[in-house]
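Undergrad: Below, each chain spelled out in residue letters.
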Amino acid sequence: MEGANTFSRVGMHVMRGCLIVPIQIELYDEVLQQLQRDILNKVNDTGVKGVIIDVSVVEIIDSFIAQIFVDICRMTALIGAQTILIGIRPALAGALTDLGIGVRDIHTALTLDHAISQLEPVVSPATSVLNIPEEDMTHEDAEYWAEDAEDEADLYVDEGQ
Amino acid sequence: MGGPDFKMKKNEHRVEVLAEADVAKAIYAAQSLSQEMGFEKTARFMIATAVSELARNIFVYAGAGEVAVQAVEVDGKWGFEVIAEDAGPGIKDIALALKEGYSTGGTLGLGLPGVKRLMDEFYIDPERQIGTMIVARKWL
Ligand SMILES: Nc1ncnc2c1ncn2[C@@H]1O[C@H](COP(=O)(O)OP(=O)(O)O)[C@@H](O)[C@H]1O
Ligand SMILES: [Mg+2]
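Which chain is which? The protein sequence lines are A and B, in order.
Using my numbering, the first residue of the first sequence is number 910, and each one after it goes up by one.
Using my numbering, the first residue of the second sequence is number 40, and each one after it goes up by one.
Honestly, the hints are just simulated from the structure, not real lab data.
Be aware that one or more of the hints could be misleading.
Said to hold, decoys possible - Result set (DMTMM-like, lysine to aspartate or glutamate): computed pairs, CA atoms no more than 25 Å apart in a straight line:
| no. | chain 1 | residue 1 | chain 2 | residue 2 |
| --- | --- | --- | --- | --- |
| 1 | B | Lys-155 | A | Glu-968 |
| 2 | B | Lys-80 | A | Asp-947 |
| 3 | B | Lys-80 | B | Glu-160 |
| 4 | B | Lys-138 | A | Asp-1014 |
| 5 | A | Lys-951 | A | Asp-938 |
| 6 | B | Lys-116 | B | Glu-160 |
| 7 | A | Lys-958 | A | Asp-980 |
| 8 | B | Lys-64 | A | Asp-963 |
Unchecked claim - Pairwise CB distance ranges, derived in the manner of DEER restraints:
| no. | chain 1 | residue 1 | chain 2 | residue 2 | range |
| --- | --- | --- | --- | --- | --- |
| 9 | A | Val-1031 | B | Glu-112 | 47 to 57 Å |
| 10 | A | Thr-955 | B | Lys-48 | 49 to 59 Å |
| 11 | A | His-922 | B | Glu-112 | 49 to 59 Å |
| 12 | A | Arg-946 | B | Lys-116 | 42 to 52 Å |
| 13 | B | Glu-51 | A | Ala-1000 | 24 to 34 Å |
Glycine included, each C-beta is placed from N, C-alpha and C at the ideal position.
The following block holds chain A by itself, in its conformation from the complex:
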């Protein structure tokens, strides 16, 4: 278990040109500092242009934890990657706003699919789905967008409850 203590124990993987970081642990100061370093190293090693951090299991984001994510966004930007947070529950948005954390500070998307399509132009600008005229869309593309719309509908229903 070489170096077991020096890693944040947050498993990361690359998917469709983006580094996916699911946060599944309690966020202590030490862990967060290490997570920052791990993400920067991984971006550097893999050369990804997009980072997606999934915070859906993070209970509360206070100003301290928010700052860590803001810092990660800024630092990854400095080495050429854009970071998007996903999984911020609608009910948590009010608390974040009251803290003064806004869209200026952290980029967010509702779902992984949304985040990936937001990042598509930076990750692979030449083949970006967004640049394909509608009539040239492949069957898969069309399916992908349809799924996306379904996700949106689900979330909409969710919020209403």
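Let chain A serve as the given structure and place chain B with the ligands on it in line with the hints.
TA: Then chain B with the ligands, alone, in the frame of chain A:
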């Protein structure tokens, strides 16, 4: 809002804050009580975030202290109350500490102004000689 002007209080829960892990305990206490009291989800997140900020400030600036959460009744209205108390260095300039972006810890300086917005009532005892005492309430 000054001292304890409530008529009734119940379900008091105290959390000693000595380490960073105690911040999570305070959050848990806040979540349980606010849920039990019947606060809706958005309000519960606001309460838990406020309690997290106060508990974290104790841990960071005072090293040790206590967070107490309870249900209080004033004039027939029930509210969630948090009292954060420590015997640390205290807050010298309360007005300054409440300014957005002011921090002696090199962090965002959004905690206390945030708690003020997250809760309905917010009070820092200005007469306190040793340490800090902060009371915040949110009404049902
Ligand atoms: N319990 C406390 N004891 C002493 N000083 C405190 C305490 N809580 C807050 N402060 C002071 O108030 C300032 C602002 O706090 P806050 O708004 O939470 O922002 P931050 O924690 O990011 O500095 C702190 O930098 C600190 O100087
Ligand atoms: Mg603070």
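Undergrad: Against each hint, give a clear statement of whether it holds in the structure.
TA: Do the hints match the structure? See the list:
At most 25 Å may separate the alpha-carbon atoms for a hinted pair to count; Lys-155 (chain B) and Glu-968 (chain A) meet this at roughly 21 Å. As the CA atoms of Lys-80 (chain B) and Asp-947 (chain A) are separated by approximately 33 Å, the hinted pair breaks the 25 Å bound. Distance check on the hinted pair: Lys-80 (chain B) and Glu-160 (chain B) sit about 19 Å apart at the alpha-carbon level, within 25 Å; holds. With a C-alpha separation of about 19 Å, the suggested pair Lys-138 (chain B) and Asp-1014 (chain A) falls inside the 25 Å cut-off, and the hint holds.
Distance restraint check for Lys-951 (chain A) and Asp-938 (chain A): the Cα-Cα separation of roughly 20 Å lies within the 25 Å cut-off, and the hinted pair is therefore satisfied. Distance hint between Lys-116 (chain B) and Glu-160 (chain B) is fulfilled; the C-alpha atoms sit about 14 Å from each other, no more than 25 Å. A distance of roughly 17 Å separates the Cα atoms of Lys-958 (chain A) and Asp-980 (chain A); the hinted pair therefore holds under the 25 Å criterion. Using a Cα cut-off of 25 Å, the hinted pair Lys-64 (chain B) and Asp-963 (chain A) holds, with the two alpha carbons roughly 23 Å apart.
The hinted range of 47 to 57 Å is satisfied by Val-1031 (chain A) and Glu-112 (chain B), whose Cβ atoms lie roughly 54 Å apart. For the pair Thr-955 (chain A) and Lys-48 (chain B), the beta carbons lie near 55 Å from each other, so the given range of 49 to 59 Å is met. Roughly 52 Å separates the CB atoms of His-922 (chain A) and Glu-112 (chain B), a value that falls within the hinted 49 to 59 Å. For the pair Arg-946 (chain A) and Lys-116 (chain B), the beta carbons lie near 48 Å from each other, so the given range of 42 to 52 Å is met.
For Glu-51 (chain B) and Ala-1000 (chain A), the Cβ-Cβ distance of about 26 Å falls inside the hinted range of 24 to 34 Å, so the restraint holds.
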